[in-house]
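Residue numbers (this note's numbering): 1 to 359.
Pairs of lysine-lysine, DSSO-like flavour, derived with a Cα cap of 30 Å:
{"#": "1", "residue 1": "Lys186", "residue 2": "Lys209"}
{"#": "2", "residue 1": "Lys141", "residue 2": "Lys220"}
{"#": "3", "residue 1": "Lys107", "residue 2": "Lys145"}
{"#": "4", "residue 1": "Lys192", "residue 2": "Lys339"}
{"#": "5", "residue 1": "Lys153", "residue 2": "Lys199"}
{"#": "6", "residue 1": "Lys305", "residue 2": "Lys227"}
{"#": "7", "residue 1": "Lys190", "residue 2": "Lys141"}
{"#": "8", "residue 1": "Lys93", "residue 2": "Lys141"}
{"#": "9", "residue 1": "Lys104", "residue 2": "Lys145"}
{"#": "10", "residue 1": "Lys145", "residue 2": "Lys192"}
{"#": "11", "residue 1": "Lys52", "residue 2": "Lys24"}
{"#": "12", "residue 1": "Lys27", "residue 2": "Lys54"}
{"#": "13", "residue 1": "Lys198", "residue 2": "Lys262"}
{"#": "14", "residue 1": "Lys67", "residue 2": "Lys107"}
{"#": "15", "residue 1": "Lys189", "residue 2": "Lys220"}
{"#": "16", "residue 1": "Lys67", "residue 2": "Lys95"}
{"#": "17", "residue 1": "Lys339", "residue 2": "Lys209"}
{"#": "18", "residue 1": "Lys24", "residue 2": "Lys47"}
{"#": "19", "residue 1": "Lys220", "residue 2": "Lys187"}
{"#": "20", "residue 1": "Lys187", "residue 2": "Lys153"}
{"#": "21", "residue 1": "Lys43", "residue 2": "Lys153"}
{"#": "22", "residue 1": "Lys227", "residue 2": "Lys209"}
{"#": "23", "residue 1": "Lys339", "residue 2": "Lys220"}
{"#": "24", "residue 1": "Lys224", "residue 2": "Lys356"}
{"#": "25", "residue 1": "Lys226", "residue 2": "Lys187"}
{"#": "26", "residue 1": "Lys52", "residue 2": "Lys192"}
{"#": "27", "residue 1": "Lys141", "residue 2": "Lys262"}
{"#": "28", "residue 1": "Lys266", "residue 2": "Lys224"}
{"#": "29", "residue 1": "Lys141", "residue 2": "Lys186"}
{"#": "30", "residue 1": "Lys339", "residue 2": "Lys93"}
{"#": "31", "residue 1": "Lys339", "residue 2": "Lys300"}
{"#": "32", "residue 1": "Lys186", "residue 2": "Lys24"}
{"#": "33", "residue 1": "Lys192", "residue 2": "Lys27"}
{"#": "34", "residue 1": "Lys320", "residue 2": "Lys145"}
{"#": "35", "residue 1": "Lys107", "residue 2": "Lys93"}
{"#": "36", "residue 1": "Lys189", "residue 2": "Lys24"}
{"#": "37", "residue 1": "Lys339", "residue 2": "Lys95"}
Each pair of labels, with its calculated beta carbon distance range:
{"#": "38", "residue 1": "Asn311", "residue 2": "Lys93", "range": "31 to 37 Å"}
{"#": "39", "residue 1": "Asn123", "residue 2": "Lys236", "range": "48 to 54 Å"}
{"#": "40", "residue 1": "Gln142", "residue 2": "Glu308", "range": "35 to 41 Å"}
Simulated from the structure, these hints should not be mistaken for lab results. We treat Cβ as the ideally placed atom computed from N, Cα and C, and that holds for glycine.
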Amino acid sequence: MDKKQLGQFYTTNFDYILENIEIKDFKDRIFIEPFAGNNDLIKWVEKKQDVKIKKFDIDPKDDDTIKQNTLLNPPDYTDKVVITNPPYLAKNKSKSKNNKILFKKYKQSDLYRIFIYQLIQGNCYGGVIIVPLNFFSSLRKQDIKLRANFIQKYDINQLNIFEERVFSDTSYTVCCFKFIRSDTEKKSKKVKTTFYPKKEHEILLFQDKNDYLIGGDIYKFGEKEKKYFMIDRLTKSNKTNYITTNIFANLLDGGTDNSRIKLTYKKTQYIGNQSDRVFATIIIKPLQDIDRYQNFLNTKENQIKIIEEFNQIFNEYREKYHSLFLSNYRESANGNGRKRCSFGLCYGLIRHILLKIQN
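My request is simple: use the sequences and hints to build the entire structure.
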């Protein structure tokens with residue numbers, strides 16, 4: 001099986017990735033490296049301090065490493081310190097029999113999420129791990145539950161987020177963080193965070209009310225306006241009583257500033273398929289004051305007002321929250337991470353703007 005199917009991305013640049021991470025709190029505790037690879041992280045630890053460490057790997061590179069599939073057969077994490085870069089492999093990319101067994105058993109969307117689930121259940125003391133940034137950004141219900149369970153159980157002392165490509169063998173946008181088991185569960189937690197490559201320092205607030213999603217309150221836009229409007233997208237299946245606009249939504253970042261997520265006005269309307277996840281022509285069905293909104297929406301000038309207001313609010317949130325409320329698209333472009341906006345967020349923001357403009 002090749003390295004990509006195993007989900008292995010051997011860690012390089014670890015001094016850079018682990019900047020600002022201290023491990024003095026873990027003195028005299030047993031360390032575990034469940035995915036040792038070439039021992040890069042172990043070397044980093046041993047430069048910091050003398051430690052007792054147990055190493056495991058599915059494909060050991062030395063005699064000191066125990067051969068073990070630690071996802072199928074997890075080591076005893078109880079009160080241990082875990083330092084690792086776990087395998088990243090999405091469920092829909094996996095072909096191996098063992099991985100299919102894991103996904104069926106744990107009902108997670110990626111191998112690294114199975115590992116985090118095992119950490120929580122194993123009651124480890126703390127550690128340092130490198131995982132895809134989407135751990136903090138995903139909107140899937142199961143992913144939100146995993147994130148909430150982790151943040152409620154552990155305090156994150158330092159979070160490093162990389163808005164650049166740091167591994168030569170994967171385009172995943174990644175982050176690194178140090179965590180320690182918490183004495184009490186809290187509904188909100190502040191986390192010291194550094195953004196690379198600019199090395200900007202901020203305090204991020206993770207809150208239960210926002211699904212522990214940074215900037216997650218943006219998803220509340222348009223909730224109260226549901227009684228006024230229905231928003232959808234133009235497809236080959238006709239929908240009755242909807243106004244077809246010329247508002248075109250591009251909901252996936254490209255590789256340049258000009259191809260970022262935004263709304264634009266297009267004379268030629270895009271007719272999508274039900275399976276589309278990125279592009280859409282917006283259609284709108286007013287539920288109250290129907291004649292007024294029909295007249296309003298049938299002019300190019302007013303549609304452009306909606307577009308401009310959407311782009312302004314959306315980009316202000318992106319700037320303020322480093323786009324962390326958006327899911328990561330797996331493939332980066334030009335060395336930069338790309339984000340995806342859900343149709344639900346797009347529709348909610350348009351509903352909010354429609355009522356705001358007309359009142």
